[in-house]
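Chemist: Protein sequences, first through last, are from chains U and Y. The first sequence begins at 1 in the numbering used here and counts up one residue at a time. The second sequence begins at 1001 in the numbering used here and counts up one residue at a time.
These are computed hints drawn from the structure, not numbers from a lab. In this text, a Cβ means the ideal position worked out from N, Cα and C, and glycines have one as well. Please note that a few of the clues may not be correct.
Far from chain Y by the CB rule (all over 12 Å, computed), these chain U residues [claimed, not checked]:
1) Glu9
2) Ile12
3) Glu62
4) Leu107
5) Cys127
6) His144
7) Ile155
8) Lys163
List time: in silico SDA-like cross-link candidates among lysine to any residue, alpha-carbon distance up to 20 Å [to be verified]:
9) Y:Lys1172 with U:Ile31
10) Y:Lys1122 with Y:Asp1112
11) U:Lys110 with Y:Arg1131
12) Y:Lys1210 with Y:His1141
13) Y:Lys1172 with U:Phe69
14) U:Lys110 with Y:Leu1024
15) Y:Lys1172 with U:Gln35
16) U:Lys110 with Y:Ile1135
17) Y:Lys1172 with U:Val66
18) Y:Lys1172 with U:Gln72
19) Y:Lys1172 with U:Ala53
20) Y:Lys1172 with U:Glu113
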Amino acid sequence: MNDVLTSEEKAILADIQQYLSESKRDRSRLIPVLQYIQARLAYIPYQSIALVAAHFNLAPAEVYGVASFYNQFRFNPPGKYPVKVCLGTACHVKGADIILENFERKLEIKEGETTPDREFSIERVACVGCCALAPVALLGESVHGNMAPSKVEGIFTRIQVEKEMEARQKSEK
Amino acid sequence: MPTITVNGQSIEAQSGMSLLQACLEKGIFIPNLCYLKAMTEPPASCRLCFVEIEGQPDPVAACTITVADGLVVSTDTSAVRQLQRTALQLLLSVHDIDCKNCPANKQCALQDLAKFLKVPLKNKPTETYLREPAIDETHPHLTYYPNRCILCGKCIYVCQTRHGQSSLSFAKRGFDTVISFYGALEIDQQACDDCQQCAQVCPVGALVMKSG
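All chains, please: the whole structure from these sequences, using the hints.
Modeler: If you want it as structure tokens, here you go:
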């Protein structure tokens, strides 16, 4: 559970409170409200669950129970570079679970979690649509086909190099 | 008062009572895990209290049937036992069978049922699936062991009934389903200390009060 909110998120949370005060207290509105929160914040932080629970007069545990049932909702903020590992049929056959495990070990987080600096998050997805390249991983928007455990390290090195180049260009300006 | 026939024996039951309750009160044991007497709408989720009712093609869950005059019921046909054994084996397949180190040893509903249904206390013939992590310490007063839990929901029911809102809830889905205490840090400490009902009602020692 990542409890630290950025100031931007706090502002949105205040907004959400406003939205809640205008919406009905009918239990059937629970999922639409959760969807609204995720659309605004990209995830459902603990603080918002407490708000929603108070609004609908439910226990926070119950709201969490509903939200955690659906794959659609996430409880960790997405990282700046979301890692998506395909576990579709073709990738699964080609050992995608090993690739996923490699990312998990490298970033020291589990699938569905985010690194504390919010740089990376890991998700599993079902079929990216390029099964010929199995196993496939996505890093942000870029597709990495024919993944192998040895390639995982290389991806992060490349990101590191890109960051350093960016920083150098900035300082030159 | 409706009169029903169970295994050839005539029984008088109170009207409005569930068939399961009526049998249990007359000493006719029907395996069950998720039923509590006070429940008006039992969840019927453990799939153990099957009985055969004359005139119905398939066995039905006894907790969902309200007694009616002239019901003819058998509780120990081979079809019923087969269903119950399978249900118990499936429960055991996601259960950490380590009775020696379990506080519920010898007072465990699963042990009793295994004995009654003559099912060995082993994960066979199913595969074993255990959840990670094996212990949840997030609640300030309770320790939760997901791999002992049979997800009967009795703890949620008693908490809900007693406090209006349950601080326990099912979370996640499928094999990953657990009892969650989300937001438990804000729970009134005194209320939990005085209550402890969820730990008492747990049939398998999955919810244990933290000592001290």
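Chemist: Against this structure, judge whether each hint is valid.
Modeler: Hints versus structure:
1. Separation of U:Glu9 from chain Y is adequate, the least Cβ-Cβ distance of about 19 Å exceeding the 12 Å criterion.
2. Under the 12 Å C-beta cut-off, the non-interface status given to U:Ile12 relative to chain Y holds; the minimum distance is some 20 Å.
3. The claim that U:Glu62 is not at the interface with chain Y is violated, since a C-beta of that chain comes within 12 Å of its own (minimum 5 Å).
4. Chain Y leaves U:Leu107 outside its interface by the beta-carbon criterion, the shortest separation being 18 Å against a cut-off of 12 Å.
5. Non-interface status of U:Cys127 relative to chain Y is upheld: no Cβ of that chain comes within 12 Å, the nearest being about 20 Å off.
6. A cut-off of 12 Å between C-beta atoms confirms that U:His144 is not in contact with chain Y; the least separation is 28 Å.
7. Remark: the non-interface label on U:Ile155 is consistent with the geometry, its nearest Cβ contact in chain Y lying 26 Å away (cut-off 12 Å).
8. Taking the minimum C-beta to C-beta distance to chain Y, about 33 Å, the non-interface status of U:Lys163 holds against the 12 Å cut.
9. Proximity of Y:Lys1172 to U:Ile31 is assessed by CA-CA distance (about 15 Å); at most 20 Å being required, the pair is judged to hold.
10. This hinted pair checks out: Y:Lys1122 and Y:Asp1112 have alpha carbons roughly 14 Å apart, not beyond 20 Å.
11. As the CA atoms of U:Lys110 and Y:Arg1131 are separated by approximately 14 Å, the hinted pair is consistent with the 20 Å bound.
12. Distance restraint check for Y:Lys1210 and Y:His1141: the Cα-Cα separation of roughly 5 Å lies within the 20 Å cut-off, and the hinted pair is therefore satisfied.
13. The suggested pairing of Y:Lys1172 with U:Phe69 holds, with an alpha-carbon distance near 5 Å, which does not exceed 20 Å.
14. Taking the CA atoms of U:Lys110 and Y:Leu1024, the gap is near 47 Å; set against the 20 Å cutoff, the hint is violated.
15. The straight-line distance between the Cα atoms of Y:Lys1172 and U:Gln35 is roughly 17 Å, inside the 20 Å bound, and the hint therefore holds.
16. Proposed proximity of U:Lys110 and Y:Ile1135 is supported: the alpha carbons are some 17 Å apart, at most 20 Å.
17. Distance hint between Y:Lys1172 and U:Val66 is fulfilled; the C-alpha atoms sit about 8 Å from each other, no more than 20 Å.
18. For the hint pairing Y:Lys1172 with U:Gln72, the CA-to-CA distance comes to about 12 Å; that is within 20 Å, so the pair holds.
19. Restraint check for Y:Lys1172 and U:Ala53: the C-alpha separation of about 18 Å stays at or below 20 Å, so the hint holds.
20. Restraint check for Y:Lys1172 and U:Glu113: satisfied, since their Cα atoms lie roughly 15 Å apart, inside the 20 Å limit.
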